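Same order as they appear, the protein sequences are chains A and B.
Sequential numbering from 607 applies to the first sequence in this note's numbering.
Sequential numbering from 24 applies to the second sequence in this note's numbering.
I should point out that these hints are in silico values taken from the structure, not numbers from a laboratory.
Computed from a predicted model, the values in this text were never measured in an experiment.
Treat the hints with caution; some may be incorrect.
Derived CB-CB ranges, DEER-like [what the hints assert, rightly or not]:
1. A:Ser678 - B:Thr38: 19 to 29 Å
2. A:Arg616 - B:Gln144: 43 to 53 Å
3. A:Leu656 - B:Arg162: 23 to 33 Å
4. A:Ser839 - B:Ser186: 56 to 66 Å
5. A:Ala684 - B:Gln144: 50 to 60 Å
6. B:Gln144 - A:Pro688: 25 to 35 Å
7. A:Ser678 - B:Glu76: 49 to 59 Å
8. A:Ala684 - B:Pro150: 35 to 45 Å
Using N, Cα and C, we set each Cβ at its ideal position, and we do this for glycine too.
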Amino acid sequence: MLGHIKAGFRRMLGLHHPGRNLLVYPDDVFIVSYPKSGNTWTRFLIANLLHPEIQTDFGNINELIPDPEALSKRKMDAMPRPRVIKSHQYFDPRYPKVVYIVRDPRDVAVSQYHFHRKRRMIEDNFPIERFVTRFVAGATSPYASWGENVGSWLATRYQASTFLFLRYEDLVSETIPELSRLVSFLGRNPDPVLLAQAAERSSADQMRKLENAQSGLWSSTRKTRQDVPFVRSAKAGGWKSELPKNSVAELEAAWGSLMTSLGYELASDEKSSTQGFRFTASVLGGAAR
Amino acid sequence: MIYRVKQVLKYLAGTDIAGRTMAVYPDDTFIVSYPRSGNTWTRFLIANLLHPEEPATFFNIERWVPDSEAQSSRYLKRVPRPRVIKSHQYFDHRFKRIVYIVRDPRDVALSYYDFQRKYRQIHDEYPLTRYVSDFVAGRLSSASWGTWRENVGSWISARGGQSGFLLLRYEDMIADTESELSKVAVFLGVNATPQTLSQTVQRSSAERLRSLEKIQGEQWVSTKNKRSDIPFVRTAVAGGWRTKLPESSVSEIETAWAPLMVKLGYELVTISVGYTPEALATGLQRERR
């Protein structure tokens, strides 16, 4: 009861983190992805583009591209507009304009496994197979399962003019062209010099250096294990060496058709994913029919 | 500020409307649909199925299948478990057992138009064609449900075909109520005899609901203080749009939501070629470039 009253007062003063209950303004743009899908990198890319006068770092990122899970409601509501906001939420109809980043779930699972080690949520010897089973069930994240999160956005907004769909893998291999699409979507002119500068300032090497110097400043890395980095490999396809075969099969059994339609080639012969993911795949028009 | 204090006091007292922030229990079952898609009828069917000892009315329905968007948090917490709860929410990952009802959006638009007149949210002279444009764009005075595509798409993409998700079409329920009801009975784990099924259907018929609405409409939470010259229980038929919806409006809906409508078996009349998977795949690649 005491906790309830305390929460009530924090709420009254606007000191709570708004999270999913964020007050949304009509000129907001949201950078949305499932966790561990390149969201932080994309935030750096955009921040460095929109604010070339300063170097984006872990100390100022929350001022530039705010995170409603880390800032108070009061602060979020008072941000200069138009806001570009970070989010991991699954579909929310109030979000007016959305950049959605999707990443191969096999890599997402590996990345989240290490992230949970970093946050001391699992031990180093926690079997990755067991983690993947929980990952597939959506039990490792408050943002639903990977398939639910991705599917909920694609089935509702895909092909809308207010929705930009990006793949992490394309961002890695074609950073400048993809970033240029993103900038146009934000209504800015893609200036080649600024694009190159933003990519340079947001490179994995640069972000690793910043993390080494500033991890105590940032809400997502503060009080976590310093021997496990937040900025990890920044590569596509790491699952091929890190994930056991049966875990790969488990992920593909759950979401195979959706993965195929997103261009993620399956390693197993699994084709039997659920009706819902086949449905999303068919709305996307991928190979699964 | 006064408003916020009031909200906090309501929250502390538990008299805030439950809505999306409601506490969800693992044994809850949710009856979910977009508004005007047969949700109330389904509530009556389920209440009559689960409580054959007392026919469902607009008085006891809030006890047996409470409306999470009309009742308070405190009220919902006191409903005996396992609860069966009515909702119009778009995808919420906390819901584990869901009966989802989908209805042809061309009929939903017509029904919603009358409903919003009943609620005095639009005037009688409001042009239907303009209303349909609002409906397609999600500009409704009760907009927190997302658009029809967003609501339906978010659920089917995330949960379609999984064991905790029963998808019903309103049109199938109209065509063969008992057969669809028996699916619900199996889903809810109720052993229903043919007699129970037919009694349940009778007790939930449109005629019975209409006569109940006449007597009880002024007391029911969803109809009290609303215009009594427009009924809540409307035609209860499928396909009214064929005669009542202007062709331009039909076309507007079909153009906006063709892939999802086709997927659900709603025949298009203004678009000759559906969206073939190939065409969509090309679209996806184009968007990626």
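The hints, checked one at a time:
| no. | hint | result |
| --- | --- | --- |
| 1 | A:Ser678 - B:Thr38: 19 to 29 Å | holds (25 Å) |
| 2 | A:Arg616 - B:Gln144: 43 to 53 Å | violated (34 Å) |
| 3 | A:Leu656 - B:Arg162: 23 to 33 Å | holds (29 Å) |
| 4 | A:Ser839 - B:Ser186: 56 to 66 Å | violated (36 Å) |
| 5 | A:Ala684 - B:Gln144: 50 to 60 Å | violated (31 Å) |
| 6 | B:Gln144 - A:Pro688: 25 to 35 Å | holds (29 Å) |
| 7 | A:Ser678 - B:Glu76: 49 to 59 Å | holds (51 Å) |
| 8 | A:Ala684 - B:Pro150: 35 to 45 Å | holds (40 Å) |
In this structure, the hints that do not hold are numbers 2, 4, 5, in rising order.
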